[in-house]
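**Student:** Just so you know, the protein sequences line up as chains A and B, in that order.
Going left to right, the first sequence walks through residues 1 to 297 as the working numbering numbers them.
Going left to right, the second sequence walks through residues 1001 to 1296 as the working numbering numbers them.
Hints listed in this document are in silico derivations from the structure and should not be mistaken for laboratory results.
For each residue, glycine too, the CB sits at the ideal point set by N, CA and C.
Just to be clear, a hint being listed does not mean it is correct.
What the hints assert, rightly or not - Computed Cβ-Cβ distance ranges for the label pairs, DEER-style:
#, chain 1, residue 1, chain 2, residue 2, range
1, A, 51, B, 1125, 27 to 33 angstroms
2, A, 283, B, 1210, 24 to 30 angstroms
3, B, 1205, A, 41, 21 to 27 angstroms
4, A, 213, B, 1205, 43 to 49 angstroms
5, B, 1138, A, 51, 31 to 37 angstroms
6, A, 48, B, 1202, 49 to 55 angstroms
7, A, 92, B, 1138, 35 to 41 angstroms
8, A, 107, B, 1125, 20 to 26 angstroms
9, B, 1210, A, 41, 40 to 46 angstroms
10, A, 92, B, 1146, 50 to 56 angstroms
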Amino acid sequence: MLPISGAQRGDTRPLPETSAQRETAAARAGNGNAAAVRFRGVEIGFPLPDGGTYAAVAATDLAVGAHEFVAIVGPTGCGKSTLLNVAAGLLAPSAGETFVLGERLAGLDRHAGYLFQQDAVMPWKTARDNVAIALEVAGIPRPEALERAQAWLKRVGLAPFGDRYPHQLSGGQRKRVGLAQVLIRDPQILLMDEPFGPLDAQTRQIMGNLLLELWAQSRKAVLFVTHDLEEAIALADRVVIMSAGPSSRIIGDHAIDLPRPRDASEVRLLARFHELHKAIWGQLRAEVLKAYGMEAA
Amino acid sequence: MSAGSGQIIGGLKLLLLQALVAVIAILLWHIGSTVPIGGVYLLPKFFFSTPADVASRVFSLFADGTAKIVTCQEPFDFTRLLSISAPCFGKTIWQHLLITLTEGILAFLIGAIAGIALGFWLARNALLSAVFDPYIKMANALPRVVLAPIFMLWLGLGIWSKVALGVTLVFFIVFFNVYQGVREVSPVILANARMLGMSERQLLAHVYWPSALSWVFSSLHTSVGFAVIGAVVGEYLGSAAGLGHLIQQAEGNLDTTGVFAGMVILAVFVLAIDWLVTLAERRLLVWRPPSAAGQG
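The following block holds chain A by itself, in its conformation from the complex (with noise of 0.2 angstroms):
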């Protein structure tokens, strides 16, 4: 909790040998076309109680690709999140630009579906309820909006849920409808914030799986958050490493060349996943000491 002036912020700069690794890392995503997003210089600040401003994310270029999966790992308060919240637009960064599918990000990222890491459906609406009213804000009428809901809530695995409210589903479940409501809207864009952090380890790998295969089936533009390295790595086209907070930058980047489709519990069996794990949790090691205040070995 460093409190810093704006002249000291500028100051971080990332390192370069990875600078030149997100250069090849942006033009193998970019492929010519415009990215789905791309950060250009976005720092993020807030301001402290004593007048002063805390640096949650210093300097950050980062671009993901029409059709990549990119995954951002870093120990916890390196402000991925926060990141995060500015692709989709609901935090305004403190310098710096958004540009969405080519197009600078004002306001609301429209292109954008996003799944919290917390429960966000609505508690006094059904499973199906839920799930449709995605549609029915469009304008869509409701008779269609539910049909099509209840097509959805089949290719998540809750046909016979549509009925429930959401204390009555279990935790797994309660993501399923998440991932429904924002998958129906076919957004180009999918952010995703630690979305199976509250869920026991095996629904984390079924929810993985179902996301890898609806994503198989449609390609969107992946940026998922999380702290756990080897489900990045499971997902992941790209795994992008922060460091510890505050100023928390990007400190590598990862090419994960596993074959797809992907099985997000038998990759993990594989030699490349392993040596890519030994590789990229290396980097990540001496950022999560930092992070729990201890002097890196």
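Place chain B on chain A using the hints.
**Tutor:** Only chain B this time, still in chain A's reference frame:
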């Protein structure tokens, strides 16, 4: 009351125990008021009446009332009932009950609608809520009974002065609940609804409104109870009809049996309303987890 105690001792056994409390209380009252112990009545009839007298008075009130409805030549007219000028008016216990019920329902509806409207308005407008805050607290701190004579002066001895008193009680309960309900919408649910593309109007309809209503419903027992209290207290302080009037008349005649009979009828009346509210609540708050729904 709670599910827990129902599980510890069976439902029937609980009912028997509850009945036992009433039986013992009535028995003690009966003995105290009719059996001299050492030459003195512990509960003298003049001050405490007797259970048998009260029961027979309640019975005769209803039996007599039914008879009067039958013999009354005037056709029953609800609009005349409101203006308290029909010749048959206030002659039977049923009409007294109907008057009190009407006042209670009107007080609840007007108070709830005003509370919801103002609660929404102030909760969505930070400046207005800050400006009005001290005045709302001041009005809420005022004991509403002191307003009863003023309402009688303004609105007369008919039902509207009682409705007004009930409204001042119901309004604040509903107002504070709606205010809280709108203010305490989960920020995650709100952010999610925004990301789903909801406009401000849609947020109001699908997020703020259900959240506020759930707070109103969970305070339904309290606000309905206060609507009846407003009606009865208003009648008690000055009226020509209603349960409060009945009790007040009996008190004026030092008719203890009449006062107790009125209280018994009032208690059953309030219990019946409370039971209806419980039924309504079960339907309206079906989406709530059982623990949260039981808090109201």
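**Student:** Confirm or reject the claim that residue 107(A) and residue 1125(B) have a C-beta distance inside 20 to 26 angstroms.
**Tutor:** About 22 angstroms separates the Cβ atoms of residue 107(A) and residue 1125(B), which means 20 to 26 angstroms holds.
**Student:** Holds or violated: 43 to 49 angstroms for the Cβ distance of residue 213(A) and residue 1205(B)?
**Tutor:** violated, 34 angstroms
**Student:** May I ask you to test the hint 21 to 27 angstroms on the CB atoms belonging to residue 1205(B) and residue 41(A)?
**Tutor:** violated, 39 angstroms
**Student:** Using the beta carbons of residue 1210(B) and residue 41(A), state whether their distance is inside 40 to 46 angstroms or not.
**Tutor:** For residue 1210(B) and residue 41(A) the Cβ distance comes to about 41 angstroms; the hint holds.
**Student:** Okay, residue 1138(B) versus residue 51(A) on CB: inside 31 to 37 angstroms?
**Tutor:** Holds, at about 36 angstroms.
**Student:** Cβ-Cβ distance between residue 51(A) and residue 1125(B): within 27 to 33 angstroms?
**Tutor:** At 29 angstroms between Cβs, range holds.
**Student:** Evaluate the given range 24 to 30 angstroms for the C-beta pair formed by residue 283(A) and residue 1210(B).
**Tutor:** Since residue 283(A) and residue 1210(B) have Cβ atoms about 46 angstroms apart, the given range 24 to 30 angstroms is violated.
**Student:** That 49 to 55 angstroms hint for residue 48(A) and residue 1202(B) (C-beta), does it hold up?
**Tutor:** Once the Cβ atoms are compared, 35 angstroms apart, the range 49 to 55 angstroms for residue 1202(B) and residue 48(A) is violated.
**Student:** Kindly confirm whether 35 to 41 angstroms is satisfied by the beta carbon distance between residue 92(A) and residue 1138(B).
**Tutor:** This hint holds: roughly 40 angstroms between Cβ atoms.
**Student:** For the range 50 to 56 angstroms, tell me whether the beta carbons of residue 92(A) and residue 1146(B) fit it or not.
**Tutor:** Roughly 52 angstroms apart at Cβ, these two residues keep to the hinted range, so it holds.
Of the numbered hints given earlier, the model fails hints 2, 3, 4 and 6; all others are met.
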